[in-house]
Amino acid sequence: MPIRVVGGYLSPYVRKVLACLEYKGLAYEIDPIVAFYGDERFGSLSPLRRVPVLVDDRVTLADSTVICEYLEDRYPTPALHPEDVVDRARARWLEEYADSRMGDVFVWGLFDAIACFLRNAAFARYKVDPLRWPRTATFVDRVLALDCLARLQPYEAPMLRTPIPAQREALVAAGAPVSADTLAGAMPRRGVPRGG
Numbered sequence: 000m001p002i003r004v005v006g007g008y009l010s011p012y013v014r015k016v017l018a019c020l021e022y023k024g025l026a027y028e029i030d031p032i033v034a035f036y037g038d039e040r041f042g043s044l045s046p047l048r049r050v051p052v053l054v055d056d057r058v059t060l061a062d063s064t065v066i067c068e069y070l071e072d073r074y075p076t077p078a079l080h081p082e083d084v085v086d087r088a089r090a091r092w093l094e095e096y097a098d099s100r101m102g103d104v105f106v107w108g109l110f111d112a113i114a115c116f117l118r119n120a121a122f123a124r125y126k127v128d129p130l131r132w133p134r135t136a137t138f139v140d141r142v143l144a145l146d147c148l149a150r151l152q153p154y155e156a157p158m159l160r161t162p163i164p165a166q167r168e169a170l171v172a173a174g175a176p177v178s179a180d181t182l183a184g185a186m187p188r189r190g191v192p193r194g195g
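According to numbering that gives the first Met the number 0, the sequence shown is numbered sequentially starting from 0.
I should point out that these hints are in silico values taken from the structure, not numbers from a laboratory.
It should be emphasised that the depicted structure is a prediction, and the values quoted were computed from it without experimental measurement.
Each hint should be verified, as a subset may be incorrect.
Label pairs and their calculated CB-CB ranges [said to hold, decoys possible]:
(1) Arg91 <-> Leu25: 15 to 23 angstroms
(2) Ala165 <-> His80: 33 to 41 angstroms
(3) Ile163 <-> Arg141: 29 to 37 angstroms
(4) Arg141 <-> Pro75: 45 to 53 angstroms
(5) Pro75 <-> Pro164: 20 to 28 angstroms
(6) Arg189 <-> Arg91: 28 to 36 angstroms
(7) Pro1 <-> Leu47: 22 to 30 angstroms
(8) Pro129 <-> Ser99: 25 to 33 angstroms
(9) Pro162 <-> Arg188: 15 to 23 angstroms
(10) Arg141 <-> Arg40: 34 to 42 angstroms
(11) Arg40 <-> Gly174: 22 to 30 angstroms
(12) Arg124 <-> Leu25: 29 to 37 angstroms
(13) Asp140 <-> Ser43: 40 to 48 angstroms
Ideal placement from N, C-alpha and C gives every residue a C-beta, glycine not left out.
Working from the sequences, and respecting the hints, build out all of it.
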């Protein structure tokens, strides 16, 4: 059974998992549903009705951090985190900060892992001011140039330009590794609201 990811390319949480898979060179297929558009089968895989969901031959998981930790444990090379314990702890802190604080501000604050949120900011043509924050601007440019993120970019534009019902076909036309079947529903359904 191939690794299957449920969720669309524009979700920073899905993108984090896809970047992990790309970085590790793991083959996968994607069911590019939009958050909250899943059918009843999706609800059984993700009780909170959130993406991403990973399904493989051993487990079904529904949280980007847990998914990436699982992939790191199951496929340890190449390593996602630094070898040094202090550097690894710092990397985990940055990931948590991106998921929680940046997610609350950039996703939930506007709509109802650090690299993935910065990619979404790039869609809006946001740039870090290099005169004001030179180190941050350099870091952002370096992250956005990573091969594992660059390989996902051809699939982001079709999702931005295409109405939801036609996105699956647009991704197939763009060459995305789209799954043969889908857990998508016709209409969005409420998930469990985030706490504030």
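Comparing the hints with the structure gives:
no. : hint                                  : verdict
1   : Arg91 <-> Leu25: 15 to 23 angstroms   : holds (21 angstroms)
2   : Ala165 <-> His80: 33 to 41 angstroms  : holds (38 angstroms)
3   : Ile163 <-> Arg141: 29 to 37 angstroms : holds (33 angstroms)
4   : Arg141 <-> Pro75: 45 to 53 angstroms  : violated (24 angstroms)
5   : Pro75 <-> Pro164: 20 to 28 angstroms  : violated (40 angstroms)
6   : Arg189 <-> Arg91: 28 to 36 angstroms  : holds (31 angstroms)
7   : Pro1 <-> Leu47: 22 to 30 angstroms    : holds (25 angstroms)
8   : Pro129 <-> Ser99: 25 to 33 angstroms  : holds (27 angstroms)
9   : Pro162 <-> Arg188: 15 to 23 angstroms : holds (19 angstroms)
10  : Arg141 <-> Arg40: 34 to 42 angstroms  : holds (40 angstroms)
11  : Arg40 <-> Gly174: 22 to 30 angstroms  : holds (26 angstroms)
12  : Arg124 <-> Leu25: 29 to 37 angstroms  : holds (32 angstroms)
13  : Asp140 <-> Ser43: 40 to 48 angstroms  : holds (41 angstroms)
Violated hints for the displayed structure, listed by number in ascending order: 4, 5.
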